[in-house]
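Modelling step: build the complete structure from the supplied sequences, incorporating the hints.
Top to bottom, those sequences are chains B and Y. Going letter by letter, the first sequence gives residues 1 to 342 in my numbering. Going letter by letter, the second sequence gives residues 1001 to 1403 in my numbering.
Treat each hint with caution, since some may be false.
[Unchecked claim] Pairs of lysine-lysine, PhoX-like flavour, derived with a Cα cap of 20 angstroms:
#1 LYS1056(Y) to LYS1242(Y)
#2 LYS1376(Y) to LYS1120(Y)
#3 LYS3(B) to LYS1376(Y)
#4 LYS1402(Y) to LYS313(B)
#5 LYS1054(Y) to LYS1040(Y)
#6 LYS3(B) to LYS1120(Y)
#7 LYS1044(Y) to LYS1270(Y)
#8 LYS3(B) to LYS1242(Y)
Quick caveat, the hints were computed from the structure, so don't treat them as lab data. Here the structure is a predicted model, which is why all the values come from computation and not from measurement.
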Amino acid sequence: MNKITLAHGAGGKETAELLEDIIFSRVKNELKKVKGGLGIDHPDDSALIPIGNGKFLVVSTDSYTVSPIFFPGGDIGKLAVCGSINDVLVMGGLPIAMLDTIVVEEGFPIETLKRIIDSIVEVLTAENVALIGGDFKVVPNGQIDKIFISTTGIGISEKPIVDLNIQPGNRIIVSGCLGEHGATIMALQHGLSVDVLKSDVKPLTGLFKPLMEHFPNAVKAAGDPTRGGLSMLLNNWARLSGNLIYIDESKVPLREPVRKYSEMLGVDPLHLASEGVAVLAVDEDVAEEVLEFIKSLGFHDAAIIGDVRRDEKFQGLVVSLSEIGGLRILEPPTGEIVPRIC
Amino acid sequence: MESFKPIDDSGIQKWSNANIENLYRRNKRFAEEVRKLIYKYTDKLVKIHGRDFKLKFMNFCGTHEWTTVHYGIRSLLPENVELVAGPGCPVCITPSFLIEHAIKLSLEGVRVYTFGDAFKLRAVKPVKDVRSLAEAKASGGNVTVVYSFLDALKDSYNYAKESLFLAIGFETTAPGYAIPLVNRLIPKNMYLLPALRLTPPAAEYAIMEAKKRSMPSIDGIIAPGHVSSITGAKPWDVVSRKLGIPAVISGFEPLDLLLSILELLRMILKGEVGVKVEYRRVVSWNGNVESLNAINTAFEVVDSPWRGIGFIDESGLEIRGVYSNYDSFKIFSLDKPSRISWRDDSLSGCKCTEVILGLAKPTECKLFLNGCSPSKPFGPCMVSSEGTCSIWARFGGYLNLKR
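What follows is the structure, encoded as structure tokens:
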């Protein structure tokens, strides 16, 4: 009998296949989006609903089940709010409102819940995003592990960034060091000391707002490499556009502790989640300029790591130049990488 | 309540002084120099032997194959030099009957400890419809996955009831079992089901098998670094001289492998045989004497079956009589096949045996990524993270890229 495995929820190959098989293929094409918008016809970070005057409502929903619920750099509350804000931002939207659903296990300390809500409110306040609704449920002891949170982010966009628009020649820019969140959670789950690790969870408003104002046409595609990491994101882009994406691994910003922990635990750091990093496909003519601008915003580790190429032989693949100059295919992650990471 | 210390930057500073890595991994310039020399030596060989001259080097360690694929080493080599993976994955070559024994005992209530890799390994003959330890666990069998033998020892000590450790491994892993056995540190309620195999005899077998089947010969051995840290370089010298081809014991960083390939080419050019140690920072001529003594005290070398391959002379370790109170075969009166009673335990349709022996590439198997993938493995080489099929599938080794 076929059963759901942890791999189905890892955000890698198996997730994509399962979603296509049991959801997307069973919804009529005209119901996969609102007319004139974008939905699960081309799954992106958010959906788009046209609201007239060339503007779009940007809507994204996500659920969070991280273990442990408190970790260096944040907690499940901060993760949930930042996650949905970032999904709206990478779609070219400016977040205006949020809904949240909280499911708690009976016996969960109210003090702990307050701490989680505090971090939710803290981010919403700093970001000036309204909390306009939600749901709260309690399930009997043992029926879930502590707490699950689901958030829906809503924003407005005049110029949505749709990943379908990625083009040969585009440069790939990452806004910071990768895999910080994934490495932190993975190390904690293995019971390892994480003195040198910290989740990067943060809203990316400080990046996208000025970027969209200064370079409204330069960014062709944008995403945040959460589950499945950079590798999953680039593979999605490559497959979606039928192009080859080429990256130089020696240019990929990785902090030493992330490298070390990944190596020790046998995980490719390019498969690990970031929760405060953007990946951009940028028009080649202004890529250097955009990079300098991003750095000037305080994203000092930002780097151009590769480009998009038209290649008849290697369509839809990501090729990586290794640190010693060898070439390999960068596969999307498969199997369970780190369960309950976000 | 969970609480955490703030980030300590001095720790990060300490991490970045990783000199071995800067030398052997993040060193494009050095790699380029070595690559040029590899081309130069190959050109010399081509001048002597002609343009169609081909060389095939075989590695005997899953981690070497991982490094090869992960760093794109094949893309850096001339067309004349081919790297193939040999029998270097202990889970891949563990005979099915041992898994069947473990499944049966777990279903009877004996707590079976296993490493994660062997947990999903498929047996050829189902035991009560159960084909793997993972399935046994799902059907109520007593199976516990552990990260180390030490974890199992601790758990078994507290458990205090009959338990069994599926002791899979090559020479590198053997001391981990031998030292506790010799020092009687294993609780009385725990028994070993050894699936311990030796690498040099398998290397010899794989290379001879290519000859027997009139396949292109293997021209050089990239010998496993960590196995050799235990055995020393000596056994590879014996294999090399017997087969008349050079061997280099290699480390696991990409430059270790490039340097080992270069050294093999140099030896071929000079007509040298014997073993050279590239991995000098770890491997000595005589090996780890203390570990070897423990292995010899606890185990005896016997002719042993390898999955899909059958018996290889003097290629396995069995528990010696004095420690028979730890031997699952004795305690549970388990069957052990002889050369005569041995039945082939390959899975039908699966080319793992050929892949293990370096006679086929994973891509030559019809099931590769077509019914057999890392998330739904069928053959043993896809089950283990050290298996060639799994490495090719997860890290994109299946496409031949050249710079």
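Legend entry - Hinted pair LYS3(B) and LYS1242(Y), Cα distance within 20 angstroms: violated (52 angstroms)
Inset, instruction - Take the C-alpha atoms of LYS1056(Y) and LYS1242(Y), compute the straight-line distance between them, and say whether it is at most 20 angstroms. - result: Given that 20 angstroms is the threshold and the Cα spacing comes to 18 angstroms, the pair holds.
Inset, instruction - Take the C-alpha atoms of LYS3(B) and LYS1376(Y), compute the straight-line distance between them, and say whether it is at most 20 angstroms. - result: holds (12 angstroms)
Legend entry - Pair hint LYS1054(Y) and LYS1040(Y), alpha-carbon separation not exceeding 20 angstroms: Satisfied, since the Cα-Cα distance of roughly 15 angstroms is no more than 20 angstroms.
Legend entry - Holds or violated: LYS1044(Y) to LYS1270(Y), with C-alpha atoms at most 20 angstroms apart: The given pair, whose Cα atoms are some 11 angstroms apart, holds under the 20 angstroms limit.
Legend entry - 20 angstroms limit on alpha-carbon distance, applied to hinted pair LYS1402(Y) and LYS313(B): holds (13 angstroms)
Legend entry - Given hint LYS1120(Y) paired with LYS1376(Y) - CA-CA distance at most 20 angstroms: holds (10 angstroms)
Legend entry - Restraint status (C-alpha distance of LYS3(B) to LYS1120(Y) at most 20 angstroms): holds (15 angstroms)
In summary, the one numbered hint that this structure violates is 8.
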